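Model the full assembly from the supplied sequences, consistent with the hints where possible.
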Amino acid sequence: MHEHLRAKSDEELMEAYQMGSTPAFEMIFERHSSRIMAFLSKRMVQKGSPEDTLQEVFLKLHRSKHLYEKNLPFLPWLFSITRSVMLDSLKKRNLEDAVELEELDRLEAKIPESDLSQSPDEILKLLPEAQRNVVTMRVLHEQTFEEIASKLSTSPENARQIFSRGIKKMRTAFARKEDKDGSK
Amino acid sequence: MDPNEKEKWLMEFSEFSNIRSDESQVPPGLFKKLKKRLFPNPWMVFGKIAGIHAVVGYLSLAVCTQFGLNPFETNQSLTNWFMKIAGHNFCMLLCGLFFMATTYGLSNLFLNLEELEAIRRFEWLQTAIMGLVSLAAFYFFGAELVGTFVILWAIGALIGGILSIEGSYKLRRLFTV
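Listed in order, the protein sequences are those of chains L and X. Note that this note's numbering numbers the first sequence so that position 108 is 108, with each residue one more than the last. Add 1000 to the 1-based position in the second sequence for this note's numbering, that's all there is to it.
The set of hints was computed from the structure by calculation and includes no laboratory data. The model shown is predicted, which means the values in this text are computed figures rather than measured ones. Treat the hints loosely; a few may be bogus.
[Stated by the list, open to error] Derived Cβ-Cβ restraints for the label pairs, each shown as a range:
(1) L:Arg6 / X:Val1063: 54 to 64 angstroms
(2) L:Ser64 / X:Pro1028: 43 to 53 angstroms
(3) X:Glu1023 / L:Ser9: 20 to 30 angstroms
(4) L:Lys70 / X:Ser1021: 19 to 29 angstroms
(5) L:Gln18 / X:Val1063: 55 to 65 angstroms
(6) X:Asp1002 / L:Lys125: 38 to 48 angstroms
(7) L:Ser150 / X:Leu1125: 56 to 66 angstroms
(8) L:Lys70 / X:Glu1005: 25 to 35 angstroms
[Stated by the list, open to error] Distance condition first, Cα-Cα at most 30 angstroms in a straight line; then the derived DSS-like pairs of lysine-lysine:
(9) L:Lys125 / X:Lys1036
(10) X:Lys1036 / L:Lys70
(11) L:Lys91 / X:Lys1048
(12) X:Lys1008 / L:Lys70
(13) X:Lys1008 / L:Lys91
(14) X:Lys1035 / L:Lys70
(15) X:Lys1036 / L:Lys91
(16) L:Lys65 / X:Lys1084
(17) X:Lys1006 / L:Lys91
(18) L:Lys91 / X:Lys1035
(19) X:Lys1033 / X:Lys1170
(20) X:Lys1006 / L:Lys168
(21) L:Lys91 / X:Lys1032
(22) L:Lys8 / X:Lys1036
(23) L:Lys42 / X:Lys1035
(24) L:Lys92 / X:Lys1035
(25) X:Lys1008 / L:Lys92
(26) X:Lys1006 / L:Lys42
(27) L:Lys169 / L:Lys125
(28) L:Lys65 / X:Lys1035
(29) X:Lys1033 / L:Lys70
(30) X:Lys1084 / L:Lys42
(31) L:Lys65 / X:Lys1033
(32) X:Lys1008 / L:Lys60
(33) L:Lys92 / X:Lys1170
(34) L:Lys42 / L:Lys168
(35) L:Lys65 / X:Lys1008
(36) L:Lys151 / X:Lys1006
(37) X:Lys1170 / L:Lys60
(38) L:Lys168 / L:Lys125
(39) L:Lys60 / X:Lys1084
(40) X:Lys1084 / L:Lys92
Cβ coordinates follow ideal geometry from the N, Cα and C atoms, glycine included.
Below, the structure written as structure tokens:
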């Protein structure tokens, strides 16, 4: 690694990178890749691969480098790129999950409302705490995923995912119960 | 940006800027993979473009014959038109320019932005080599290469090659984010 680059600020490195310096890019990667990786890993739990998204972030940085203005601080610019790539990736992932979500809606419809209203505690007891909280907020208190997410300090996508898992678990329990009732 | 979104952005940015560099490990090998993708070897790209250029260049002889080479035995050629409007010397310049600008330009369409950047770093050298290789191929297939005409053709080819690289790069940049 070129030692003289270590003393340079991010903004100076970006300027060098804009002029075509590959070592400047290497230094930017060395300084910020772990930070981006940590941020992505927190936000993309079970939602795509943070490693792939990290690559996409640097690809976008590379392709947008001519748009960077050297008198502006680098970190917010890098964060904007990271955030936008992450949101695109989550959106794409959500589209891929659309089929699964449609299935989820059908499953929700299958659960008799009377079961949910008559003995919610009993049914909810089947779920782990996180899923129980999300399902309660969504089904009984009719909150949106955005509201749930802000209460749990997570993303709406993650809240949806937890809800999805909870509903699936409940459906399995219902299916077992129906089988038992049928065999009696 | 709406105020809620702005607040969320600021909150996330504060979290982002407070992350310590030892909080997460980037998998080893990822940087190498990324570097290969962002900075492809210019000579590997040159090899790829040369292959495509050979095919497209050969097909272009159907539209514009070069140094009398007419493998498709067409009656109409842009060469006749160039000759009529500008005379023999200028025709050679235009033929070189047309050959490299169109065929090299079309070949560039098969490259991604990063590959075009790699080519661009050595555009003069690579265009000159591509021009000379094209002339050698013409000679091999029986073209009669005469001194002044070859020089004029080569100048035209150099201009055409540079124009095509720059044009392809700028066009691609417009449509790639």
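Legend entry - Structure versus earlier hints, numbers of those that do not hold, lowest first: 2, 5, 9, 11, 16, 20, 30, 39, 40
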